[in-house]
Amino acid sequence: MALPKRIIKETERLMAEPAPGIQAIPHDDNLRYFDVIISGPAQSPFEGGDFKLELFLPEEYPMAPPKVRFLTKIYHPNIDKLGRICLDILKDKWSPALQIRTVLLSIQALLSAPNPDDPLANDVAQHWKENEQDAIKTARQWTAQYAHA
Amino acid sequence: MSAMDHDDDYMNEDDDGDDYTQDTQESWMDQDDDDDEDVEEDFGAGDGFEPVVADRDIKKGYQVEFEVHSIDDIVAFQTQEVAHVAGILGCRPEHAATLLRAFKWNKERLIERYMENPEDVANQAGVVMDADKQAVFSKSADGFECQICYTDDDDLDTVALHCGHRFHTECYAHYLQQKICEEGESRRIQCCQSKCTAIVDEATIEKLVPPDVLTRYRMLLIRTYVDDSVHLKWCPGPDCEYAIKCHVPQNQLQEVVPTVRCKCGFTSCFGCGLDDHQPCICILVKFWLKKCADDSETANWISANTKECLKCQTTIEKNGGCNHMTCKKCKYEFCWVCAGPWSDHGTAWYSCNRWEEKASVEARDSQARSRKALERYLHYYNRYANHIQSAKLSSVLLQKTAAKMEALQSTSTLSWIEVQFLRKACDVLLEARMTMKWTYAFAYFLKHDNMRDLFEDNQRDLEMAVENLNELLERPIPGVEGTGTLSTQNSSMSLGGGGVGIPTTASDPRGAPLSPLSKDISSASIPGTATPPPAAGAAVSVEEGIRVLRQQVLDKMGYLKTRREVLLTDTAQGLREHRWMLNVDLKTGVVNE
Ligand SMILES: [Zn+2]
Ligand SMILES: [Zn+2]
Ligand SMILES: [Zn+2]
Ligand SMILES: [Zn+2]
Ligand SMILES: [Zn+2]
Ligand SMILES: [Zn+2]
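For the record, the sequence lines run as chains A and B.
Going by full-length UniProt numbering, the first residue of the first sequence is number 1, and it counts up by one from there.
Going by full-length UniProt numbering, the first residue of the second sequence is number 1, and it counts up by one from there.
Keep in mind that the hints were calculated from the coordinates and are not lab data.
Note that beta-carbon positions come from the ideal geometry of N, C-alpha and C, so glycine has one too.
Ranges of calculated distance between the beta carbons of each label pair, as one might list FRET restraints:
#, chain 1, residue 1, chain 2, residue 2, range
1, A, LEU105, B, ASP132, 35 to 41 Å
2, B, ILE71, A, LYS81, 45 to 51 Å
3, B, ASP132, A, MET15, 40 to 46 Å
4, B, GLN573, A, ILE89, 56 to 62 Å
Derived DSSO-like pairs: lysine-lysine, alpha-carbon spacing no greater than 30 Å straight-line:
#, chain 1, residue 1, chain 2, residue 2
5, B, LYS392, B, LYS263
6, A, LYS93, B, LYS133
7, A, LYS5, B, LYS195
8, A, LYS93, B, LYS195
9, A, LYS93, B, LYS104
10, B, LYS195, A, LYS91
11, A, LYS52, B, LYS195
12, A, LYS5, B, LYS139
13, A, LYS91, B, LYS207
14, B, LYS195, B, LYS107
Partner residues are not named here, just some residues of chain B that face chain A (Cβ under 10 Å, in silico):
#, residue
15, GLU145
16, CYS146
17, ILE148
18, CYS149
19, TYR150
20, THR151
21, GLN178
22, LYS179
23, GLU182
24, GLN190
25, CYS191
26, CYS192
27, GLN193
28, LYS195
29, CYS196
Please take these sequences and the hints and turn them into a complete structure.
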């Protein structure tokens, strides 16, 4: 099926003006599938890490949100073992006027501001609430161990 | 006026205290009542048993007030409410509708809140009341690019809600379709723009989506309306589209069983949505069904009464008080208490006894308790299951009755209407069986006191009335061709049984075909079947026999109805008076034997 104009234009713009700290490149053989790298934001426990994600635009896109998942292991209360992300705009708060760029920026923002009150990984969230310093230490260790190129 | 104000007055005829308003409401209620009559009044007048059916309009002590509403009723009611609110607030009907939905149709609260702070209320509901700031459909201007499809062609049809976020109409339609058909949204579909809280109102949706999507949207609105209202529930009947309105609140379900009867004919409990379970209250029904589903009772019985021989694994049942057990098969001797070989006991017996005294006494007591508990449960369960089994055979009874009714019409001068008494009797019988079934579940949870004795007296009287009517319905009609055959089948598949145990008919639930070919040897000897067609002179006595039978059926049916009324009324009254002492903790479901 031909790629909708929306996806073609959106990809062109994303390549022409990438968001800082974010790289998203479509596969040659499947223009709905993107390899994504998000750099850990400064002042966060993920600083210095490069996190790989996969992003897929389903058939219904942009009526339905893109599917995004972390491939790099990450210690974060809103991201589970399988790399799934708890983010409202990827679920009920999705709007067809949002874009790949806004989604990835929101994920980057989530790395800067973990929200242990809306957890996906319960054990991590618990750790974060009970001993934030220690949880941040673990997150740094994981970043060093798994997210270094 | 809040909905809670009416929690106490569900028994009243008067529905004024409703959370809807009076005048508008009552006209459509009245209509309903009229329709309702058509459903049940299918027995013609002049057939001699009006007193038996004419009592249905008077609410009995065990009945609750309820109304049956069609989808059209609900739509009409909503339209009235919307028009009323639009009139008071001086706004467009679609905005009134959005506001009402945001307030879950609590009109009084909406108006009160709106009068206090119109801006806030409108904002929270996602509405702009200003008639000038409505959805604007226009052609795209220069430089416009739809942020959904990224099309920037000239002259695009576009639309923007009052918030000003403008999109291509085609994309908007697609978006609405996704929300309605894929996500099942209706009440709160927001503007396409991320984080914009403007609500797409009904009038705008009407202009944007195709008819099939619009139909689905309207259906979803009605669904949410019923789901939002604590007093409305969909009838659980198969493929039924009526909603039932009833004001019995959840917190009164320990004192009343809110049985409701839909226009589709389905009778259900408004409290829990299960099939009618008078006179047993919802929570006990839940406990009982769980207990029945739980096979552990049977396992308890086996452990309470039997042990395996340690040598040959033969099951041994203990039936005396002596602990010295001898296996009948291999003659192994052992101690029931510790299961060790008896030879080890001898002089050491006392040590076994003493060492284990407390534990063994407890064990024996708990075995005895367990056994007693099981016997008690089985007593009620067998009777409960018997009525279920009999009811399962209802289709057979109905079939046979239909055949009898035909035979009656062809043999006698009775008309179709005049033979309906048989059909009616079947219905009364089945209804009574359903009641009987739940009386056993209820009695299981009653503490043994004088009140339970009285309950069980009523139960016994009803049980006898059920079996008497059943027996009569299965009896051949003297001189009427075809009814004797039926009776033979009946005798091989007693529909009532003595009340104890599962009837042997379980193996043949559908029953034998009604064709005369199914006659077995014994049927030929039944008087009546083998008789030739009645001669002219005999016809008079056949008519007479039918007349007598009809009177008997009517009498027994009337008596059965009375017994059922008595039991239900008394049980319901007892619930209200907290007269029934339960042996079960209603929080945990644990039964204290
Ligand atoms: Zn568009
Ligand atoms: Zn908007
Ligand atoms: Zn129904
Ligand atoms: Zn119930
Ligand atoms: Zn043995
Ligand atoms: Zn012993």
